[in-house]
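Protein chains in written order, with this note's numbering: chain A, 1 to 238; chain B, 1 to 238; chain C, 1 to 238; chain D, 1 to 238; chain E, 1 to 238; chain F, 1 to 238.
No lab work stands behind these hints, which were simulated from the structure alone.
Note that the structure is a prediction, hence the values are computed from the model and not measured.
C-beta: ideal position from N, C-alpha, C; glycine also.
Just so you know, not all the hints are guaranteed correct.
Simulated pairs of lysine-lysine, DSS-like, Cα-Cα distance not exceeding 27 Å [unchecked claim]: (1) E:K82 with F:K82; (2) B:K82 with C:K82; (3) D:K82 with B:K52; (4) B:K52 with E:K52; (5) A:K52 with B:K82; (6) D:K22 with F:K22; (7) F:K82 with D:K82.
To be clear about the criterion: a stretch of chain E counts as covered by chain A if any three or more of its residues have a C-beta under 8 Å from a C-beta of chain A, and this derived list gives those stretches [to be verified]: (8) 48 to 56; (9) 218 to 226.
What follows is the residue order along each chain.
Number of protein chains: 6
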Amino acid sequence: MRPSGRQPQEMRTVSFEPGVAKHAEGSCLVRFGDTHVLCTASLEERVPPFLKGGGQGWVTAEYGMLPRSTHERMRREAAQGKQSGRTQEIQRLVGRSLRSVVDLKALGERQISVDCDVLQADGGTRTASITGAWVALHQCIEWMRARSMISAPVLKDHVAAISCGIYQGVPVVDLDYAEDSTADTDANFVITGKGGICEIQGTAEGEPFSDEEFLSLLALAKTSIADLVRRQKEAVSA
Amino acid sequence: MRPSGRQPQEMRTVSFEPGVAKHAEGSCLVRFGDTHVLCTASLEERVPPFLKGGGQGWVTAEYGMLPRSTHERMRREAAQGKQSGRTQEIQRLVGRSLRSVVDLKALGERQISVDCDVLQADGGTRTASITGAWVALHQCIEWMRARSMISAPVLKDHVAAISCGIYQGVPVVDLDYAEDSTADTDANFVITGKGGICEIQGTAEGEPFSDEEFLSLLALAKTSIADLVRRQKEAVSA
Amino acid sequence: MRPSGRQPQEMRTVSFEPGVAKHAEGSCLVRFGDTHVLCTASLEERVPPFLKGGGQGWVTAEYGMLPRSTHERMRREAAQGKQSGRTQEIQRLVGRSLRSVVDLKALGERQISVDCDVLQADGGTRTASITGAWVALHQCIEWMRARSMISAPVLKDHVAAISCGIYQGVPVVDLDYAEDSTADTDANFVITGKGGICEIQGTAEGEPFSDEEFLSLLALAKTSIADLVRRQKEAVSA
Amino acid sequence: MRPSGRQPQEMRTVSFEPGVAKHAEGSCLVRFGDTHVLCTASLEERVPPFLKGGGQGWVTAEYGMLPRSTHERMRREAAQGKQSGRTQEIQRLVGRSLRSVVDLKALGERQISVDCDVLQADGGTRTASITGAWVALHQCIEWMRARSMISAPVLKDHVAAISCGIYQGVPVVDLDYAEDSTADTDANFVITGKGGICEIQGTAEGEPFSDEEFLSLLALAKTSIADLVRRQKEAVSA
Amino acid sequence: MRPSGRQPQEMRTVSFEPGVAKHAEGSCLVRFGDTHVLCTASLEERVPPFLKGGGQGWVTAEYGMLPRSTHERMRREAAQGKQSGRTQEIQRLVGRSLRSVVDLKALGERQISVDCDVLQADGGTRTASITGAWVALHQCIEWMRARSMISAPVLKDHVAAISCGIYQGVPVVDLDYAEDSTADTDANFVITGKGGICEIQGTAEGEPFSDEEFLSLLALAKTSIADLVRRQKEAVSA
Amino acid sequence: MRPSGRQPQEMRTVSFEPGVAKHAEGSCLVRFGDTHVLCTASLEERVPPFLKGGGQGWVTAEYGMLPRSTHERMRREAAQGKQSGRTQEIQRLVGRSLRSVVDLKALGERQISVDCDVLQADGGTRTASITGAWVALHQCIEWMRARSMISAPVLKDHVAAISCGIYQGVPVVDLDYAEDSTADTDANFVITGKGGICEIQGTAEGEPFSDEEFLSLLALAKTSIADLVRRQKEAVSA
């Protein structure tokens, strides 16, 4: 029934390639099927002005798509002179999601900037970004630990994300572009390793959805994210 | 327990003042306590380029805050030369919410632009905007009907929105600024008159939240929105 | 003869509503007929870089129009990414006019930012802005006095403004949109309580005007502004 | 008494050098003492969108200062990415002034863009710009006439401009930078060859000014502009 | 002597991975040692306005660096709101280089946009971009040929590029970052398969260089580019 | 054979007018035939952030064209809100060229900003800019020396620039617009008084060029620049 032939509760093939960027303190090339995102974590010895002198750090995120990561070439945001509303919405989401599992005091007065750049897009770029960004962030923090820059634990938990939706009346997980562009309802879930919800964003593209539909999506998300967290663990212990 | 002395399930005093703008085809000054938003609906005989010749219309929204609508004066976005990510996120949300109850084909090849300008802010400006925007949109559509520009029903249902959150461990509805700035979890719900969910945006500000907490917020939202819809009906039939 | 039926020397109904904005140190909703401007005065404990350490303060102004304050919806300046030349011209005029009656040394090294936002426009928005801004500024200064932040007088005089023009050959005062858009000559006058002229801006829209015509406009302006100043006094003593 | 030793009613040495720009249809290098402005008039076979198909033309103006035309180097507006409020105010003024003496219907559906670029500044750049721009515009129109592009008269009259001010209590004409930066009152007058007033802009820099003071400035301006018009005539007939 | 231990005339390991981007008509991931650039060629059925109706096509290029492709994280150009002068200089160079070997008439009235995005930087990103872009462009043109969109040859020749420089007094080829940042002279050469020179850009970073030094760099470049062209041939015939 | 009737190795009439700008510490109006560039050198007691406290100075350049310096009026970059890629490329080139002959340590922690503004363009504006900028820079440095701000020599050598190209198969020097717009190959050379090469930029507009062609252009450039340097010497010693 799904264009890809997957079962409703079946995610695409997911892989993590940590350490892929030579210069970054942390990095991960994450793949959810044909969606490929390069995540890098950059340590900077400064914090945003509103935190100066407060003794705590900050984690922020930026998001971008290569112009031909998509089916049709998109205009380059740098050439247009501004980031779209969608881009800003996504990078704010990625930043909030990561901060929800970071002990900013334990990080010390430093900033980690996580860049999520979509090399190839096939739906679910924001959830892949969050899931891969956690691996890059983890590597950056281990880099700091190896240099005795931090002592207490900085990462309090895993965080991962998945999209779910109602496709032709059936709740399905990890929508690819073919599904995403025609689904009735699309919801993104950001959930921690312990199962706590960080963020829910549900949108009815056409018809509004019911409580029951929404709960079925939440259930799918929780199962899938538990699986993603297991794979993050493998990736960072490899 | 709440700074305002309200009960957990108690909204602020809500009022609608339709027709407040002399020039606009539809308008409404909506007040949720000290949050005041001026919503106008402007009819334009054109559609965005991607819809040209398709025989359907469009509803879009823009959002802004007056510089001193807030406790501290904010910089004017027009002077800064760009809209913040937050502004863009909100105006995209308002537009999607309204479109979810509009029959764009029945509207014909025209655009209705809804402007939501916050005159005074005390928390919940985006949910007040959606709730008031529906009233302005309704008035604009009646204006068109009175001029025989449309025949079939354009508005398929009501839509309204409310914020809920966990404040000091207790689920509460319609957070004001004092609550919003310290709440653990903040969720916005956009729901139709028939109870269909258009949009859910839940964010853990600090600790992630549980499924149960989330469901209690959803329950609060559904009750409150039913009440808001009742008041919208009174406002447009007055 | 005038579209509104007013006499040549008759202003529209003018009203001031001071204290209308909950958060601002000073505010006033001013109405000249159907032209409504919300003026707020915001106290900030900083001065522009060119005044740092000089022991004197600054008063500045910004101006904006809500997109549907006008007959046709205008594009939102924040969305366009810049303020028009007209907007900048007006906000520079409002700032200069207010500074002409403020003792900047007595204010101390602080800035008062006055925002004039047009909620509804029917001609004369810049002159209404100046006239209402003085009331907001007065309230802000009284707010400071009540907190013993200042001792010497800061406001040296009233300042108010009015537009005059030649409409169908006759000099008239306080042009509304219907007159403004067809008048041959349009002049704005900013005059103090003592009758001193702060600013004159006269423009021939079509045919150049004569000295005599200009003097008749100046005479109308002086009488009308004396009346506006009297009403400002009532508003701030109420 | 004046820093330059001039009499109150004495202008600086004024010269016009028409035809100075090889490529432009009209041009004039105008000098008011050490203020030098290069004015070019460019004919374009198009009109702004709001005039398309209306059978009339348009005259518009742009203004700029070379970065080191001034005592201290100013930042280049092209590098800053925007034109200042002052620049926009001036170019709007130049455009309006020129249009007040042009028969736009006789021009036909074409646009003349007049660029006024200040090569060296010593006060009075906007009034020099208007006065020189008229000569460039005249040359452009003669260029068109020589090619039979127009038949009826396009220029209805001369237009010129001068600044006057109260310097140390005395009304003086054609302020240079030393006077302009310390004068109490500064007024710019744009007047036609027949003595009609196109534009008056009077500003009290410090103390407000009286009616009498203003009238003395107007008288000075009228005499000086009559002289400037005489010199424009010589320049274009040479 | 060279930090990498390479011989003066020894390039880094170069590899081409054509077809790496799923959506693009042509693509190539090119690697010069640790410099990795993802090149995509996107076919668009439109030409820039200045070519409309002229019966010929266009090839253009855009260039970008991922924020953490470099040793220190750079600010994202999309977030800054503009492309740097360096970025614009490079993308103009890439576009000119490609057009020098394309028969724009044979291409027909279409545009190919080549995006060169630097995933990892270690010196020589612009020359790697040109060299890889040719492979992506070749693939795009074959894609068109397979669909009978073109008949005549479109690509007239190969084009490739290399940097050469004087490092510690010795002419060396293919500078990496360690060399590039300390070299006295840096020159980029763009040369065709037949040995024709498309572009030479030589810059003395410190001391000016002599004719002899320059000729030694040109000789190195010609040899190396012949080698690069051989590898391009292998890549596209694989 | 050349449109201007010049011999292949014949430059246009070149003249320097130093000291032309009243306010600038150094200035020169340079003319290469009908190409006229006003160069000013402005001394500022500050350095860019990356040099603060390093005890050395900086020389930078900006470039602009008046809108009607060209055959067709160009859009004003300040009005467009950004500098074109071409403008940025040129101003970076001018800055590098000047710095190659300046002892930045001897300059002390100060910046000299050189502005090159094209009053009239007829090909070769960038090379004229560099050649004239050196004269303005020299005057600025003499101005400093006269005030004992510097003691050691700051200018190490002359620098001048010229364009050469293959026009109808013949190598020619100092291309004017008529040649530049149709030449097969265009190369700009920046060379010091001692004959050292600072910068070479060669571009094949159509067909790639051969080594021999390039060497013939280099030879032409060296002869012509020796001549330009001789004229710079006369200009600064006059």
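What are the numbers of the hints the structure violates, in ascending order?
3, 8, 9
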